[in-house]
Structure formats: C-alpha cells, structure tokens
Amino acid sequence: MNAIMQNKHIFKDKVVLDVGCGTGILSMFAAKAGAKHVIGVDMSTIIFKAREIVKVNGLEDKITLIQGKMEEIEMPYPKVDIIISEWMGYFLLYESMLDTVLYARDRYLNKDGLIFPDKATIFVAGIEDGDYKEEKIGFWDNVYGFDYTPLKETALSEPLVDTVEMKAVVTDPTPVLTLDLYKVQPSDLAFSCPFDLTARRDDFIHALVAWFDIEFTACHKPIRFSTGPHTKYTHWKQTVFYLKDVLTVQQGEKVECSLHNRPNEKNRRDLDIKIQYRLDTQDPNRQAEGTCLYKMC
Amino acid sequence: MAEAYPCSDSESVSSSDNDQDWLNKPGEEDEDEEQEQVTVVSFFDDKGFSDAKSMLAYCKDKFDFDFLGVRDRLHLDFHGCVKLINFIRRGVKEGTALPQEITAEHLADDSLLIPVLADDALIFCLDELPERTSGQAQEKGQAAEVQNSASGGGPVVDELLQKNAQLQAELEQLAKQFTNYRLAVEQTLDKRWGVDDEGEACKTAAPVAPAEQQKKKEEEKDESAYYFESYAHTDIHETMIKDTVRTNAYRDFIYANKHLFEGKVVLDIGCGTGILSMFCARAGAARVLAVDNSAILDKARENVFRNGLDRVITCVRGRIEDVTLPVDKVDVIVSEWMGYCLLYEAMLPSVFFARDKYLKPDGLLVPSHASMWIAPVSDAEYVAENVDWWRDVYGFDMRAMQAGIYTDARMTVMPTDAVCGEAHAFRMLDLHTAKVADLVFEDSWQTTLSDKVEGLDGFLVWFDCFFGESREEAVEANLTAKEWVAAGRERVAFTTGPYDTATHWRQGLYLIDKEKAKDIEVGPGKKLVGNIRYAIPEDHARGLNITIAWALEGGDSQVQTWLLH
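Heads up: the sequence lines are chains S and Z, in that order.
The opening position of the first sequence corresponds to residue 20 in the numbering used here, with each subsequent residue numbered one higher.
The opening position of the second sequence corresponds to residue 898 in the numbering used here, with each subsequent residue numbered one higher.
Please keep in mind that the hints were generated in silico from the structure rather than gathered at the bench.
Misleading hints may appear alongside valid ones.
[Stated by the list, open to error] Some but not every residue of chain S turned toward chain Z, in silico, with C-beta under 7 Å:
1. Met-47
2. Val-75
3. Gly-77
[What the hints assert, rightly or not] Simulated restraints on C-beta separations:
4. S:Asp-199 with Z:Lys-1349: 54 to 60 Å
5. Z:Asp-1006 with S:Tyr-163: 41 to 47 Å
6. S:Met-185 with Z:Glu-1450: 35 to 41 Å
7. S:Lys-263 with Z:Ser-1341: 54 to 60 Å
8. S:Pro-213 with Z:Ile-1433: 53 to 59 Å
The beta carbon of each residue, even a glycine, is placed where N, CA and C say it ideally should be.
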C-alpha cells in the first residue's frame, strides 16, 4: 500500500495492470494514486465481488476488471506502464502466481515499464525447535500407545507453515535465492543453492526456517518488507523444514547445506524441495550428514 | 516394507532417500495416470480392443476359444478368471499349445495370479463381463472333496491335512490381498472413466434424459471423489487424533468395556489411520475389519502391521456399500462418522447401510446415540470483527465481501458467554434404530433468554455424542452429555458445545441478516420459539441446508436458510 500511495508521482497518468487482483484493493490504491487506468485481472469469481466493490467506491471509470487467465484474455491496452501484483505464496514460490506475472511482463509491459514489487529474496536459518518438533513429529512415535511412524515420515516431508520466534534462530540467516523481476525466467524457479549456516551460539538445530523479503526498488525511497521471524507477523508466516537428525552445534561452527527447489512436474504450483546438510566437526559424536525431501502441496 | 507397500496416492512424496526418485524426468512418473484409453489385448494376436467383451468375442470367432464358456464350465471366481487369463497368456508367450480342454488342475498353481502382461486391461475389466453363478459354492465343494478323499488315512493324511490347512490359510491371505488389489483397480478405473455401477443407475433412471443423468452422476462422482481425497492427507488425521475429547471418548469406552469386544468381530467404518480398530484389537476383539475409501488406508495398514495387530485387523479399501467383507455379520460397529453440526458430510447413511447389512440383531453400535442442540447467540464483538469490518478496509467500502456471512454456516468456537439463552435439544438419534429418512427433518425448539442478551445475532448449533453399553440403554432426549455421564457409573459421552473443551467440530454459527430480518425486542426472561430444519441441498449431496425460524412467543415468525458446504 505504501509503495503505491507514497509514489503517486510514479503512478500519475500511467496505465497499470494488476495481476491476480482479488478483491481489487491494489487496483483501487493505484487508481487513487492517480493512474490513468487500471486493469485488474483474476481467474477467480472473486472478480464479481471486486466489481461491486470498485463500483461502490466510485472507481468504475478508472478500473477495468477482467475475469480469465492472463494468457487468454483480451487486454484493452496493448502495453502497460506498470505491473502491480501480490503474487507471493508461502515460501515465496508455493502456489505463487509468478509465472503469470512473468508472462504479463513479457507480453504487456513497456520497455521501460515498472514492476511492483521487483525484487524478492529467500533466506534460510537454522532453528532450535525441540518442543514443537516433538509435538508435530515425535507425536507419531506413540499415539495412544500405538506406533504411528508411517505417518511420521509423511509429517517430516511436509514443510510446516508457522511462526518461528526470533529467539529460536540459532544461525546467521543466509540468502538462497534472489529474484530480479525484470530479468527472471520461469526456468529460474528450479534452482540449487549451496550455502553455509554459521552458529551464533552453542545450541541444537532441529530444523531450517525459510522466509522471504520483498522490495519495491522503483519507489522514490525504496520500500521493503520482510516475512522473517525478526519482524511483524504476516499471513505468510515462515516455512519450517524439519531435519531427520538433531544437529548439535557450537558457536562459530558452519553447517554446510544445499537447497534444491523445483516446481512439481504435475502441478507447477506445488514444490519439490531437497535439503542436504553436513556438520563436519572433530567430535565424532556430533558429526552429522543427511538429505531430506519435502513436498509442498 | 516401505518400498513394497502400494502408494496409490501419487501426490505423496516418497520418503526414502532414493535420489533416483528425485531425478525422474518430466512425465516419467505420470504416464499411467495420463493414459485415459484402455486397450484389451487379444489372447492370440496383437489386436487391441476397447473393452473385454469385444476382445473375447473376437477370440471366440477367430480362434474358436470361448473364455466365458471355460469360465462357466469350471465355475471360476474372480481369482480363477485371473488365473485362466494368465494361463492362456503364459502359454501363448511361451509358445506352448493350449490343452484340448482346460481343467481345474491347469489353474491350480498360485503363480498364475501374477499377471503375464503388465497392467493387463482384461484383468481390470473382468467385472464388466456377464454375470454367472456364485463361485463360493465351488470353492466349498473343492474343500469338501479334499476332506473326503483324505478321511480314510493315517498319519500321512494328518500331515497332508495339516499342510492343506496351512496352504488354505496362505490362500486366504492371498485372496484378501487380492480383494484389496481388485478394489484399488476398480477405483482407478472408475476414476478414469467416471463410471459407477452403470447397470443399476440405468434401470432406475428411465424418465431422466440420459445426458442429464450422466452429468449428474459425474457431479456426484466428483464430489464423492473429492470427499474421499480430502481424507488422504496427514494433517486432517493429526487434527482428529489430537482432538482428545473425541479420541479419549472412544478409547475410554472401548478400554472400559472390554467385555463388549473380547472375542467379537468388529467393523470400523471410515477407519482413517486405524486408531479405533487398534483400540478394539487391544480390547480383545477376535477380528476387526477396518474399512476406508481414502488413500490413508495404506497408512492404516502399515500402522496396524507395525503394532503387531495385522492378524486381528483386516484393512479393506472401498466404500462400505461396495466392499466384500470376509464375514456375513459383525458383533460391533464402531465408527467416527460425525460431521459439522452432526450431519454434514453425510456419512451416517453409510453407517446405517452397514448396520442393516452386517450388524447382528443383538449387535452394538459405538457410539449409540447423538443429540443436536440449538441456542441463541448475542455477541456484538464477533459481529464487529467479522461482519462490520468489511465496511471500511483501508478506506474502501468492501461490503460486497460480506455476502456469504448470512447464507453460509460459519464453523467457529464461540465463547460460553456468547450464548444468551438456555440450549434446547431438538433431536435425539438412537443410532440402532434411526433411519436415513430421520436425517431430514423439521423440529421445534424454544428457549428463555438470559441476562447475557443484548441483541439477537444468530444461533449456535452443536451435538452431543453418547456411548451406550447395550442396545437397550436409552438416553433421555434433553440430557446433556455431562448429565448423562454423571447419572451412571463409568459412562462415556462428550459434547461439542460451547460449555466444555472445544473440539475440531467447533460449533455451527448461523448469523441473522439484520438488513432483512425485523428487529425484535429481546430481553432477559423473554421466551423465544422456533423451528429448525435439516435438508440436503440438491446440488451437494454431502452438504446441508439448515433453515431456522424464530419468534418471540406470540410474535411474528421470521425465517432464514443457511448452507453448510
């Protein structure tokens, strides 16, 4: 909202495309910011509600709402000056509309057009999360006296979207993916990234947590927000990947990791994620190495 | 075991560390699912057919081989047919001539159950072939024959008999596994073709236009498939098991009443992860049949195995209406069938079906009774946060988003003090005797408003559940779970209402549309009367339409309908 309302000079008299407009709130911000015209596109029937809302707010002359797939609709303008979109999903990429935004960029955005937001970064850190891991994963070891370990495997493979407290974070955060919306291609969303996590203190690592930051660099004064554990709650929360092992780390030690992500073959909005980790120490009792596969679906 | 167990749920991740899985090329793993057309390959050449009947007709015509004739002559059951198919396929593959007359001996070898052609469509299509007489008589006949010929002998015969018994047990095991396999195959095919018990539907559907009929069926099918699919994931089962009000009630009842389960045959309908079946097995049940039509059954089977209860519990995948159970009657039916507002998701008719078909006349249903409650609600804060909020969203009027608020039931846990009048039990179901027709009804209710009433914002609906120890045990209609438990020794019952620990069922909140409804002057001590109707929406067989009428005693009645979907 701030990115739009504080940058009226950028929006003034521009043609704006809102990809996945939902209830139309971003379109209305853009219209209020002085846009010449806003086109809101959404596949969902929510568009009918959006139309009603735009009308009761007296903006129906400024905003055209179109139901359909970005790839199939007919646009009233051949090119637009600005694309706005709230396309981010959990773990940035899960169920994300990024593919659609990129399609709209390639087809409709003017050569020197702007994208709001235009930069996204995924961060990863190690966390101590013994109690909750016990509740979510260990639970299946003994269910009312029964061995339920078959469901434990499934539980381990499903990343958990939840809030993580800052004090649970054991390592320095490390970026694993940075997207420049002007340049990124759909194929870049399958990526592999090796990275190290450096322990800030002596502690256990039960899981890795991932979150993302979003930037609007086109703004007069760049605006950014984070969905990390260190900042205000967002509906994206954070994404927790439980490891099979519990790592015991000492301050300053590095855990060598790698993260591989690719959209699922059958449903590009689902993600297949692989995390490898290795703790190499002199202490043979703390040596650990493993590979975990996850599926966000 | 993890590798061997059939993972039909293609969505789930292989949790093995196998990097091969990870590296699979695009499309490699979903070939099966993508393939919509089925080809039945001829026995004697490479010709393919779209269904089994025309293939068999072709073989009869061209090669003078009458599959159905052989089947009927030998009284082959499903497994017999599979063996016959594989016997022929194997012969053709190895180039050996078929015997002049195929006899039962030719098909004795169990290895013939292994398909010769991978994914042999003919085996999948066996059920489409014209009916014949029951194969069970034949099996019994064979067994008797062996008994007879053996009855004259000494120790050798004993040994043979022993061996025979052992083999029979193995065969039974195999047959069981095959039943499951067959069900899985049937479901896959049903999914692929969107066809379900076609014959039966056609018989009753004469007046309806065929296209419309087909469409309706597909919709039903879709809804049903979606329903069972929704139970395939772990989190829903985690939610249910961790609902301790629910799970403890079943556990406490089963463990405190072992005499009701010892040596008994128990049927668990919609077994999920198998927890209730395992309670019953631990309580001493002789045999538990755990039935579920969701992919979670694979996990149940594994759970049962890991807990060493696989000799007692048999997991069967399928709809209870369709599966073939290995017993005629059961002593106990245990099921956790309750949905939101008790009847949402419409699983109870399946329990009634099973009760009428399988439960012995003196058999027990667990739980035995369920009652439904309604109470008036007054909660200005809730209305402000959930309804009025849309009036000003970042400075915009978004009232359009409110629409569903007054037409859909909202499942929520309401604070006790939101209830502004005494609760009224509008219906008690004795599950031993209730019928499907009892699930669509209109009942009256009344309440006296309390001093909590500020205005009337809506109504709250919930249910209580009772675990009687015998069919004869009655539960008085207006007794709460708590009162009933207090009135007897070691009784088990629970409530999903606002006066006790919240459950995953929450409560159903029905908000009054104040723009349409007339304001009535409520106040402490005033009497509110009305009706509540449960009906099934035409286009959503597992949903509910709930209509509530209300009025101050002696005043004008108002009415509103909500959908639970």
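Okay, the hints, checked on the actual structure:
no. : hint                                  : verdict
1   : Met-47                                : holds (6 Å)
2   : Val-75                                : holds (5 Å)
3   : Gly-77                                : violated (10 Å)
4   : S:Asp-199 with Z:Lys-1349: 54 to 60 Å : holds (58 Å)
5   : Z:Asp-1006 with S:Tyr-163: 41 to 47 Å : holds (44 Å)
6   : S:Met-185 with Z:Glu-1450: 35 to 41 Å : violated (58 Å)
7   : S:Lys-263 with Z:Ser-1341: 54 to 60 Å : holds (59 Å)
8   : S:Pro-213 with Z:Ile-1433: 53 to 59 Å : holds (57 Å)
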